Amino acid sequence: MTPFTSLTAGAAPLLRDNVDTDAIIPSREMKTVGKTGLKDGLFAGWRYTEVGGREPEPGFVLNRPAFAEARFLLSGSNFGCGSSREHAAWALAEYGFRAVIARSFNPIFRGNCVRNGIVPVALPQDAIATLAQEAPEAMTVDLVARKVRAASGAVWTFEIEDESRQMLLEGLDAIALTLLRRAEIEAFLDADCRRRPWIYNEATTGTVN
Amino acid sequence: MTRTLFEKIWDAHVVADLGDGAALIAIDRVLLHERTGGVALRSLAAAGHAVLAPERAFATMDHVVDTRPGRGDATVMPTGTDFILSTREAAREAGITVFDIGDPRQGIVHVISPEQGIIQPGCTLVCPDSHTCSQGALGGLAWGIGSSEAEHALATGTLRIQKPGTMRITVTGRLAPGATAKDLALHILSRIGSAGARGMVLEYAGAAIADLDIEARLTLCNMATELAAFTAIIAPDAKTLAYLADRPFSPKGEMAELARAAWRDLASDTGARFDREERFDAAEVAPMITWGTSPQHAVPLGAEVPRAADPARDAAEAVDRALDYMGLVPGQALRGLPIDAAFIGSCTNSRISDLRRAADVLRGRKVAPNIRAICVPGSTAVRMAAEAEGLHQVFLDAGFEWREAGCSMCFFAGGESFGPQERVVSSTNRNFESRQGPGTRTHLASPETVAASAVAGRIAAPAELGDA
Ligand code: SF4
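As given, the protein sequences belong to chains R and H, one line each in that order. With numbering that gives the first Met the number 0 applied, the first sequence corresponds to residues 0 to 208, in that order. With numbering that gives the first Met the number 0 applied, the second sequence corresponds to residues 0 to 467, in that order.
If you are wondering where the hints come from, they were derived from the structure by calculation, not from laboratory data. Owing to the predicted nature of the structure, the values given are computational and were not obtained by experimental measurement. Any given hint might turn out to be false.
Unchecked claim - In silico lysine to any residue, SDA-like type, Cα no more than 25 angstroms apart, as pairs:
1. R:K34 / H:K162
2. R:K38 / R:T48
3. R:K30 / H:P437
4. R:K34 / H:H48
5. R:K30 / H:E92
6. H:K162 / H:L17
7. R:K30 / H:S42
8. H:K162 / R:K38
9. H:K238 / R:P196
10. R:K34 / H:T78
11. H:K251 / R:Y199
12. H:K251 / R:E201
13. R:K38 / R:E56
14. R:K34 / H:A44
Excised from the complex, chain H in its bound form (with noise of 0.2 angstroms):
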């Protein structure tokens, strides 16, 4: 019987059958965050329970922790400190390993999961975090939970759950010069809408995504959860393995040899059957700009923002108080629009090769006037290796700020945001009303449209930029 990649890795983790197409599926990895890791098991240990297997769960600091250079345990978040120690000491009593604030592996949850080989092909991982599906780029069944379930994980070692349905979206051809990962996921969203993949496991498969790196695979499965996919996931292959090789937490030796033979024949069947099938052309994918408040909201950067809104995905007052909350009318160019912030960072787009793209666009020229710029590294890891090759030089040169590594402004807590009605260009994951703070309007695109956008001023993709 032929098998999706989704069901070997099902079949592998079945500890009972529940009926009714639910079963107890083994947890090998349970990933946790300040913000909701203090909480849960703190309700854990009130309720009385153990946790399972401390030695395959992690905890780190990215969520409120403070992002500006020379940072302590002090948060501009109100109560943000409770969350950091409360969240330190429960990990300790548990056993559980923390990367905390000062340790070089410290970083954005699922930046650093990768980049320690804690994610592996054929592997369940589970944190409280709706972005864990960023991590199935590298092959392994990761997916976001709530705390609740988290609770269960860690107790139990197991979690019971209801068999998703399975969705392949293969994309062929190649992406054109300019256009990047996020373009091809803010493409699809815009093409199938944000309830796109409801609760599938969605495998990204074909030319174009085999020819994608480690890291702008990441960026890919990141937006699984905002087509509201249980998670996406990607067949490990040669650059899987050359990415796991040698990384802190990934076999070793002996052990190695068996994970890798096991890894290679984890790759869908031929003729394995998907309840979905989708497909896309990346020739097609152009470097993308959303205009609204739902990163389905999506269209070319050089197009314009729809003047009918598509009734299927839509209803048309929703459109209209996207445009309200955005400050736009239907039929009004993106190109051009005057901005007053520009963010690169977050899960989706702080890696080391983002930042490397970002920066290139950047070199020899200045951020535009009264633009605040900001750039925040996904891990410590990802910045170190940045000021390695001098690239937070470039950044700082022209005119952005340098950040320690954490969520930052990706999200507003309570703490630092951008200001009501301010536009952001930012290289995030979502644009929902108020996600940056008050009243702010963000514009998702790649990092480098974020920072051509702020050497402009105004929205702009890096080609129109003149000579640096």
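Bound-form chain R, shown alone (with noise of 0.2 angstroms):
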């Protein structure tokens, strides 16, 4: 995962509420078992003319040349809700966006990002439009000081708890992190088959083939 500190890029605004992760990749452009190529697939209901076709739709934000290098996303309430499939994610990062700057996130789609190396940054309604209305100015996302500000000098802080914050920055992958806790979990697991022998007990429990 690549690390994030601070960025400065330009935004594209996708000023709607609820936008789900089917909107941001399809169903049907999940086409292959694994988490790559997806950025084409990215947004490709809004994004073309046609369902299955690549002819771009001139008037999709990420279509218009001023926004060809934005790397955040701006956009509104609930982002991220619907379907919790990480190929969302994978689809934004790929196609390289590194923050998305929205009021709220379903809290899913905030937890594909953070493993992701995307920054959920909420923001109120003000701020958005704000950000928006400089975009495609460049605007700055700085998770060192937790703050964003816009090309125009206004600042906002943001609020992100510790543990995703630490895994952005420094690109922690967190299946290694915990492995370091083993002895942890092998002392929970012993202590827990006393207290809850039915959890392990092979009655409850798959065939190991």
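From these two lone chains plus the hints, build me the complex, please.
Right, dumping it as structure tokens:
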């Protein structure tokens, strides 16, 4: 995972509420059993003139030349709602987005962003309106200081839990991090086998073939 | 100190405190399906990680598997077979039990987990699927995760989680005849909106919830993700314990005694504090239907398309966009709107009780001409039970297609779909743009409303149909 500290880049406004993960990456675009090859399917339903086609819809924000270099996406409330498919975060990351700045996020999608090097930034409506007005001018997302700076100089602070921030800053792999605690996990399982034996009992578990 | 049901489960699963409100939480069960399971398992293997406890993971084929009679590994969805083959192979390599095509235990993951007794009160269960919240109906903490988190849970037996807040929705009174758990879910969505429980563990409580049977509770909890909740949960009671007795993977004998004793202590303590509380009266719930492209766009079936957007919830342009997509205008009556298709299925409403109620509406009646009507049982076990009761004959005689179990046309994945601008009344959970096909217009409702609408050829409640 590519670490994220601070980045100054253009932003693309997609100011709709409830942008769901099926809009971000339609199910029909998830053709391969893997995490890559998704960037062309990003927002496919809005980005192309017809279903399954690749003819750009000229009005869609990502197709406008001014936003071609955008690395931030601006949006409304409840961004990433719907299906938990992580393909939405994979597609955004593969396309090149490094942060989504929205009024609010769906919780599963938000976690998926953090695990894929995309900073989820929740800001109030007026901040997003200002940033959208100034887009595509470069703005800054500073994860170290937890701040967003508009081209015009306005600054907003955003909230992000320490754990997520640390993972993004250092580009950490959560599995490797957790496996450092293997001894604690084993101690828990040992004790839990006695507390709740039915969870581990062979009658309730699957067969290991 | 008093604790909520959620807090009791959380406390019992803390492996380590990670600071700032986060903890490493033990995961008792991981469920996978072929849409994302193969990807997660292969990526895990590629990174050199083994599955820590394969015997506590289960995989099923539901999302892309074909549901037409006589199916095999071939799918209508292009490349769908790759997902089936890779999940089967990766799960076998990892030693994970697979409920495969042809296995009587196969079905939609949220239907089979309760049916098989995999979800249990007080356990933690995760699945890379947003409707995992359904399973909270059995009193376990079950929630949807992304693929990376699924890999994490498989490799470490834990997840790193920020402790969510708690919310209780108390539903008093009784549902009126004709109003179902689906209508209650849509009623709540219409009142508190699609962000109404954002990030919260939502406990459903109150007399009306106690009244619901387990399958109805599953329907209600299913739509908690539509409220943006972390998950939903209902305290286990006598109905829960009775439901779980003698399920294939539920505890047996002496283990069952121990488990049941623990399950009885799980309910939220009297006086336990929730971060948020809401109350609803079940008696106010009418049969519901959606008019827009978000599940919060729900109204009683006899109501009109709203004339004005609720500005707290929807920008005016979002409503215009939804109406434009749905081909409706403000003030238009929903009842009587001509439809093209009817769909009964999905993890919301495809259990045996759902099919029985829909069959009661269809018995002795016929689907209106030119309506495509489809019934997809949620699991192979449901299909077999329905066939043993002769329900399939009722559906077939009425003019419904009768399918094999799976997600089917609940969502469009490049395979089968309803057509552009086609109006579908559907017992599913999402009416998003193009959810059931590019340009398809979905109206969410209970299975009985779907059945009645199929017969009438227009949006209708069962009560409106003449004598069968
Ligand atoms: S039935 Fe529909 S909502 Fe349920 S798991 Fe399958 S695709 Fe998802």
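Here's how the hints hold up against the structure:
Annotation: proposed proximity of K34 of chain R to K162 of chain H is violated, straight-line Cα distance about 28 angstroms (limit 25 angstroms). Among the hinted pairs, K38 of chain R with T48 of chain R is consistent with the structure: their alpha-carbon atoms are about 17 angstroms apart, no more than 25 angstroms. Between the alpha carbons of K30 of chain R and P437 of chain H the distance comes to roughly 17 angstroms, so the proposed pair stays at or under 25 angstroms and holds. For the hint pairing K34 of chain R with H48 of chain H, the CA-to-CA distance comes to about 17 angstroms; that is within 25 angstroms, so the pair holds.
With a CA separation close to 23 angstroms, the supplied pair K30 of chain R and E92 of chain H stays within the 25 angstroms bound. This hinted pair checks out: K162 of chain H and L17 of chain H have alpha carbons roughly 11 angstroms apart, not beyond 25 angstroms. Proposed proximity of K30 of chain R and S42 of chain H is supported: the alpha carbons are some 16 angstroms apart, at most 25 angstroms. At roughly 33 angstroms between alpha-carbon atoms, K162 of chain H and K38 of chain R are farther apart than 25 angstroms, so this suggested pair is violated.
The hinted pair formed by K238 of chain H and P196 of chain R meets the criterion: a straight-line CA distance of about 23 angstroms does not exceed 25 angstroms. About 15 angstroms separates the Cα atoms of K34 of chain R and T78 of chain H, which keeps this hinted pair within 25 angstroms; it holds. The suggested pairing of K251 of chain H with Y199 of chain R holds, with an alpha-carbon distance near 12 angstroms, which does not exceed 25 angstroms. Taking the CA atoms of K251 of chain H and E201 of chain R, the gap is near 10 angstroms; set against the 25 angstroms cutoff, the hint holds.
Annotation: proposed proximity of K38 of chain R to E56 of chain R holds, straight-line Cα distance about 16 angstroms (limit 25 angstroms). Distance restraint check for K34 of chain R and A44 of chain H: the Cα-Cα separation of roughly 14 angstroms lies within the 25 angstroms cut-off, and the hinted pair is therefore satisfied.
In summary, the numbered hints that this structure violates are 1, 8.
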